[in-house]
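Engineer: The lines below spell out each chain.
Protein chains: 4
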Amino acid sequence: MTRHFRVLIDCPDEKGLVYKISKTFYNFGLNMEKNREFVDEQNGKFFMRSEVSGKFDPDALEAELKIVLPQHTTIKVVEPRVKRIVLMVTKESHCLGDILIRHEAGELEAQIVGVVSNYDTLRPLVEKFEIPYIYVSHDGLQRAEHEKSILRALSSFGKIDYIVLAKYMRILTPEFVNRYKERIINIHHSFLPAFIGANPYKQAYERGVKIIGATAHFVNDNLDEGPIIAQDVISVDHAMHWQQMKSAGRDVEKIVLAKALKLALEDKIFVYANKTVIFD
Amino acid sequence: MTRHFRVLIDCPDEKGLVYKISKTFYNFGLNMEKNREFVDEQNGKFFMRSEVSGKFDPDALEAELKIVLPQHTTIKVVEPRVKRIVLMVTKESHCLGDILIRHEAGELEAQIVGVVSNYDTLRPLVEKFEIPYIYVSHDGLQRAEHEKSILRALSSFGKIDYIVLAKYMRILTPEFVNRYKERIINIHHSFLPAFIGANPYKQAYERGVKIIGATAHFVNDNLDEGPIIAQDVISVDHAMHWQQMKSAGRDVEKIVLAKALKLALEDKIFVYANKTVIFD
Amino acid sequence: MTRHFRVLIDCPDEKGLVYKISKTFYNFGLNMEKNREFVDEQNGKFFMRSEVSGKFDPDALEAELKIVLPQHTTIKVVEPRVKRIVLMVTKESHCLGDILIRHEAGELEAQIVGVVSNYDTLRPLVEKFEIPYIYVSHDGLQRAEHEKSILRALSSFGKIDYIVLAKYMRILTPEFVNRYKERIINIHHSFLPAFIGANPYKQAYERGVKIIGATAHFVNDNLDEGPIIAQDVISVDHAMHWQQMKSAGRDVEKIVLAKALKLALEDKIFVYANKTVIFD
Amino acid sequence: MTRHFRVLIDCPDEKGLVYKISKTFYNFGLNMEKNREFVDEQNGKFFMRSEVSGKFDPDALEAELKIVLPQHTTIKVVEPRVKRIVLMVTKESHCLGDILIRHEAGELEAQIVGVVSNYDTLRPLVEKFEIPYIYVSHDGLQRAEHEKSILRALSSFGKIDYIVLAKYMRILTPEFVNRYKERIINIHHSFLPAFIGANPYKQAYERGVKIIGATAHFVNDNLDEGPIIAQDVISVDHAMHWQQMKSAGRDVEKIVLAKALKLALEDKIFVYANKTVIFD
Chain A
1 MTRHFRVLID CPDEKGLVYK ISKTFYNFGL NMEKNREFVD EQNGKFFMRS
51 EVSGKFDPDA LEAELKIVLP QHTTIKVVEP RVKRIVLMVT KESHCLGDIL
101 IRHEAGELEA QIVGVVSNYD TLRPLVEKFE IPYIYVSHDG LQRAEHEKSI
151 LRALSSFGKI DYIVLAKYMR ILTPEFVNRY KERIINIHHS FLPAFIGANP
201 YKQAYERGVK IIGATAHFVN DNLDEGPIIA QDVISVDHAM HWQQMKSAGR
251 DVEKIVLAKA LKLALEDKIF VYANKTVIFD
Chain B
1 MTRHFRVLID CPDEKGLVYK ISKTFYNFGL NMEKNREFVD EQNGKFFMRS
51 EVSGKFDPDA LEAELKIVLP QHTTIKVVEP RVKRIVLMVT KESHCLGDIL
101 IRHEAGELEA QIVGVVSNYD TLRPLVEKFE IPYIYVSHDG LQRAEHEKSI
151 LRALSSFGKI DYIVLAKYMR ILTPEFVNRY KERIINIHHS FLPAFIGANP
201 YKQAYERGVK IIGATAHFVN DNLDEGPIIA QDVISVDHAM HWQQMKSAGR
251 DVEKIVLAKA LKLALEDKIF VYANKTVIFD
Chain C
1 MTRHFRVLID CPDEKGLVYK ISKTFYNFGL NMEKNREFVD EQNGKFFMRS
51 EVSGKFDPDA LEAELKIVLP QHTTIKVVEP RVKRIVLMVT KESHCLGDIL
101 IRHEAGELEA QIVGVVSNYD TLRPLVEKFE IPYIYVSHDG LQRAEHEKSI
151 LRALSSFGKI DYIVLAKYMR ILTPEFVNRY KERIINIHHS FLPAFIGANP
201 YKQAYERGVK IIGATAHFVN DNLDEGPIIA QDVISVDHAM HWQQMKSAGR
251 DVEKIVLAKA LKLALEDKIF VYANKTVIFD
Chain D
1 MTRHFRVLID CPDEKGLVYK ISKTFYNFGL NMEKNREFVD EQNGKFFMRS
51 EVSGKFDPDA LEAELKIVLP QHTTIKVVEP RVKRIVLMVT KESHCLGDIL
101 IRHEAGELEA QIVGVVSNYD TLRPLVEKFE IPYIYVSHDG LQRAEHEKSI
151 LRALSSFGKI DYIVLAKYMR ILTPEFVNRY KERIINIHHS FLPAFIGANP
201 YKQAYERGVK IIGATAHFVN DNLDEGPIIA QDVISVDHAM HWQQMKSAGR
251 DVEKIVLAKA LKLALEDKIF VYANKTVIFD
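Protein chains in written order, with the working numbering: chain A, 1 to 280; chain B, 1 to 280; chain C, 1 to 280; chain D, 1 to 280.
This list has only true hints and no planted wrong ones.
For lysine-lysine, the following DSS-like pairs were computed, each having C-alpha atoms within a straight-line distance of at most 27 Å: (1) C:Lys-262 x A:Lys-246; (2) D:Lys-23 x A:Lys-23; (3) A:Lys-246 x B:Lys-275; (4) B:Lys-23 x C:Lys-20; (5) D:Lys-23 x A:Lys-76.
Don't read these hints as lab results, they were simulated from the structure. Keep in mind the model is a prediction, meaning the values are calculated, not measured.
With the rest of the complex left out, here is chain A (with noise of 0.2 Å):
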């Protein structure tokens, strides 16, 4: 039977992968749909996103494209798959409701398996779709408190490939970051680097700024200094006060988001040196 995978490589760059790669696709008789290649000359990477069908192996393939690849290459061979993703919310409706009709819809590759928040607020809204929704107060806790709490809500889901922290309005600390490295995705209400940290809507009104912004980004160690995935703009000028900017500026978060999101779902993103390559 026919099978569809997307193979994703990413190693030093040589003389001749481009032919070693599709030497290799051929001889296992696939067809090349798509095909995407950078080279970061700089830094001598070479990195390279493929769609390719065919009757095969992939691990036998993944093997083989590792013999025939310089050392330290990464290699995925990845049957698209409708991946399993949580979101953490706060109180604000308009990325997490964005997601939810998307879902619904079938629109995105993935499953949302749960909510978790540290409010009950938007529980009525996420129930309608019979998601579950865990609320994971953080009164009175200390951040590493409350943040075993959710760990351990989100390991009540199961398995995760992506958590979207789609308006969750907490830091989270490092412990936590790592545990799922490059896999957390966060929407910023600006347009990083510009004001970074709290109330950036605010802030912007006070510079005087006449475009907003926001910004989709891994998250990292560093507060909003995450590799970036998506970001976009819109025009504002100075009849709109800062409440205007923010609510203006939900409909850039929740595009934005759902950009980055599905760009992560489809595999096109590769992260290195605090960057992001997208094949989209």
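Assemble the complex: chain A is given as a structure, and chains B, C and D must be docked to it using the hints.
Structural biologist: Just chains B, C and D, lined up with the frame of chain A:
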């Protein structure tokens, strides 16, 4: 003879301002062709820009408005006129060239009375358009000395309405800036407040952003922190090295600078609280 | 008690209108919080929208304005209120879902009193939100008969301010449209006037455009030719087949439709000469 | 000596193409610096553009590729070189001026060998840059006669790679167009296919659109229907009369035209089925 004027009013907000102003216009037999107002409720400020026409004495109008409006009101009754501008440049020609072409086409309400540069590189381009070019090398000079020479060059051009820093790559001293308060327009090659300072494209590349931009602003004492007039952005991706971002960014820079300059020439900008109110 | 009103004035242009209107406001002791005007010189038309507050009788204000303003003036003095809207849909959920989420979050000045569809597909989504869903199949019916059934469904919802065609894929008859003049908002999945009619994404793909868009407009007698309220676009490239354009286009469609709906709900749209004047 | 080449391949799709091509590159000892492919599954077409470097004979490479690739393959192995272009203009200077400034800055892989116009208006601007300007009035001439004179002017410039219609406001005959198949680039001042033909800004104004645009395309037999290379848009509103739209549109026109020209000069465009495949 019917004359056209722009009336700009900036005053403390109170009830009845539009009534008092429009009544004054009416009493003077003026036609209000265009009208824009903005009330900043937080700061209790009122801004209004009207385009009026009629047969009237502008000084009398201004005097009458002074009487009916609150204390601490700033009133400008200005006739559209060709403003006198000086461009300051270093070595890059894209912003300069763009303004020269617009000037030549009569697109700007301005006469370029001269160009000053710390290099002699752009002289041939400027002299094609029969515009005086003064080269003031900074070589071996203290900043204050160099600026003294520049001020001498500027004074040789007579009255100056605006100085346009069309990729002038030197920092100006507060002394210099304060001589031309809200009359120096700079183009910064980033989406401020992201990437303040030197080589913003390299900073943007290293941060891995997906969008870059340009910002035109009035220059004040603090580098890259003056009131923002206009901003715009373009998309970039991982495949662009910073030199390519720089090259792609040129088009945004020149369009944003020209837009800001036009707004200034057409008396469409109010400045307060380090921000701009723009009636475009 | 202080009340807030929106005053919308649409009249032949003449000298002194702002004076007469602001004087009337002043005499009624009103505070003008926001003000926008537009003079269309070609057509001799004047439009004004003010947000005013005070302790006053709106009917008396309207009567007084009628006296001081020219003949053929249209005046609306309206209090912000939750408007009653009906959504009409076919099978696609992205616009519907987006409005449901905004509605649930209290983001709209509206109550969705019902949803009508020619399919039963979207019932489960709508009923999650406890909103009545009426399925009116067009199967085996003449257009006029089908519309009669729809009208019956609509009348069951009581008074309706706006009908939102949130991807309702049937053409409405002039009879239907004329019952709800300037009260039916449609989203067309192209950048009108490009690609009028069926399957605009396929048309766009075949033409090889590099940008696609969406248009929200009031519906009039002629298909896709009503007054445009809002438009937006996204970039596409040769690698996108029309199904992918369609999928990418959904995000623009829903944002543009929501934007148009908000403008209507907030009484920010004037219609004349098959165009809109929008004070946003 | 190491040389750099661009290899462009356009052929029927079949399994193993990337393998065969990259193997040939490998056998020639080439380094693949950049690589883009596109498979149009509907039409069974394969496109590839590679930037390669090495010490090799380009004719031998081309011959070898011909052997390994299917019948009906088009192969170009081209060395980056300064292409010879002619600009055709009427009276507006914004696109012309923009290209002159880029040319002067060495930003284009091109030499402007001459400018041809049906008016003498822009001669002073062009001659500032020491570029030949030939004025070919259409006064009193049949279209065919006029074009004969233009062809004579063009032939005086020697070999021409591309003709750029930088706001040349006359329609060219199919005979003329066919002499320069896929080598004439036009800028149309609308977001095609909206507003084909004369005065698109007036059409846009009358339709009441909220966004206007510009389209750069190769010229073919049918007015405004050639393959689109680049498009961009800007927002407009009810307050802009069509002359203001025209003025605002100039900035988009010049940026879009320059973008399309750069793509052509850098051999980044394939044309088929009246569409373009662009590897930017």
